[in-house]
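Trainee: So the chains spell out like this:
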Amino acid sequence: MSLLPNTAVLLGKELRTEFRSRELLTTTIVFILIVMVLFSFTFEPTSDESRRVAPGLLWLAFLFASSLMLQPCFLREQHNDTLSALRLSVSDPFGIFLAKVTANTIFLLLTELLLLPLFALMYNVPVVSVLHWLLLVFFLSSLGISIAGTALSAISAQARMRELLLPLLMLPLLTPILVVSTEVTRALFDRGPYVKWKGIGFLAVFDVVFLTALWLFGEYLLEE
Amino acid sequence: MWKRAMIGALVLFLVGAAAYASFYVAPEERTMRVIQRIFYFHAASAWAGMTAFFICFAANLLYVWRREERWDSLAVSCAEVGLAFITVVLITGPIWAKPAWGIYWTWDARLTSTFVLWLLYISYLLLRTLIEEPDRRALLSALFGIFAFIDVPIVFGAIRWWRTQHPAPVIMGGPGSGLEPTMRKVFFFSVLALHALMVFLIAERYRLEKLRTDLELVRREAEAI
Chain A
292 MSLLPNTAVL LGKELRTEFR SRELLTTTIV FILIVMVLFS FTFEPTSDES RRVAPGLLWL
352 AFLFASSLML QPCFLREQHN DTLSALRLSV SDPFGIFLAK VTANTIFLLL TELLLLPLFA
412 LMYNVPVVSV LHWLLLVFFL SSLGISIAGT ALSAISAQAR MRELLLPLLM LPLLTPILVV
472 STEVTRALFD RGPYVKWKGI GFLAVFDVVF LTALWLFGEY LLEE
Chain B
85 MWKRAMIGAL VLFLVGAAAY ASFYVAPEER TMRVIQRIFY FHAASAWAGM TAFFICFAAN
145 LLYVWRREER WDSLAVSCAE VGLAFITVVL ITGPIWAKPA WGIYWTWDAR LTSTFVLWLL
205 YISYLLLRTL IEEPDRRALL SALFGIFAFI DVPIVFGAIR WWRTQHPAPV IMGGPGSGLE
265 PTMRKVFFFS VLALHALMVF LIAERYRLEK LRTDLELVRR EAEAI
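Quick note, the sequences are listed as chains A and B, same order. Using the working numbering, the first residue of the first sequence is number 292, and each one after it goes up by one. Using the working numbering, the first residue of the second sequence is number 85, and each one after it goes up by one.
These are calculated hints, taken from the structure and not from any lab test. Yeah, the Cβ is synthetic: ideal placement off N, Cα and C, and Gly gets one too. Please note that the accuracy of each hint is not assured.
To spell it out: a stretch of chain A is covered by chain B in this simulated footprint if at least three of its residues, at any positions, have a beta carbon under 8 angstroms from a beta carbon of chain B; those stretches are [claimed, not checked]:
1) 421-430
2) 460-466
3) 491-500
4) 504-513
Bound-form chain A, shown alone (with noise of 0.2 angstroms):
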């Protein structure tokens, strides 16, 4: 059972790459932020209108975010021409997956927390009572985006137009993610904040079902 060792060394690979350059935690934080800012102007950001309009606002920016963000991931393999390296060092290319899955979600996860006190004081949203409950959707959101994005990208990589070819895979895709993680939050947000557990239910379902399908079918999307 080499899998996990291999991932462990692939991760560590990955978070490498990024934490050298910080190039796409920057790039992904500077446009959350855009959004954010020219979000408010299309409504009037105060705290009734923030709590309905704000949890749909955030999961939007992060979705979108989400979409620049997974470009690279299997792009700048194919421009190092690594990606035969890659399949050549590892027994079970989903070890490929999973090292790539783990490092999108933490890099994801990342920029939310970053992101999130910023975004309480902007929107005049409470969240620090609600933090490790908030903290629960935006794993689980985030490894959701992470996996339906990253096995995406494995193929939006191989074909023309790449850049605007994933978002228009991904967001009809991610559907769900968005649907139940705005309800969810919005539930959070609420003067009396309560927990979904269905939503709750619902993202864990979505990642177990997408995860699954990816350790099914990932070695065929990165055939040669």
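Please build the complex by placing chain B on the supplied structure of chain A, with the hints as guidance.
Mentor: Same frame as chain A, now just chain B:
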């Protein structure tokens, strides 16, 4: 050639008979009157479209497993025909909704999820146009088709859960809940007719795809010489 024309004529006759039955055989619905008759084509198209997408999914799986070109041709044929049927659903829906509900479109669970489904298969066809190499195109689009199809029940579930959180603006009486016997017969006849049309269209589209790949092959050989 003659055989295909005959089958085509038979399918056309079936669809015509279904149209006749939905106008003249089925009884008039009490509240919606004549406009309700669109139901026989609207819902039957939805069923036919879903069947086509299901065959597309099966063909995608078979392609990944067997790597035979015919499964790819079948998948693309089913996706296109299924998309055509779902487009009919999305067009006849608002035609029915305007007189019945007073609005063309509402973000109701079923409408929204059908629209997302439509978008997923548009993306599938778009992806196919953006990959040059035939084997790669077949494999990658098959994989996307598989992901898209397993996403469909999740999309339906999530959107239904989300919309039932709010009071629905209009409540649509479920067609399966209590159809009058004649209406039921007419409906299932329409379902049969539209499935026949779907199979016919898929067969024709499959033939076209076959010719197209043959032509591509010949062209490549000619270029090689």
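Trainee: All the hints need checking, so say for each whether the structure fits it.
Mentor: Against the structure, the hints come out as follows:
| no. | hint | result |
| --- | --- | --- |
| 1 | 421-430 | violated (count 0) |
| 2 | 460-466 | holds (count 4) |
| 3 | 491-500 | holds (count 4) |
| 4 | 504-513 | holds (count 4) |
Of the numbered hints given earlier, the model fails hint 1 alone.
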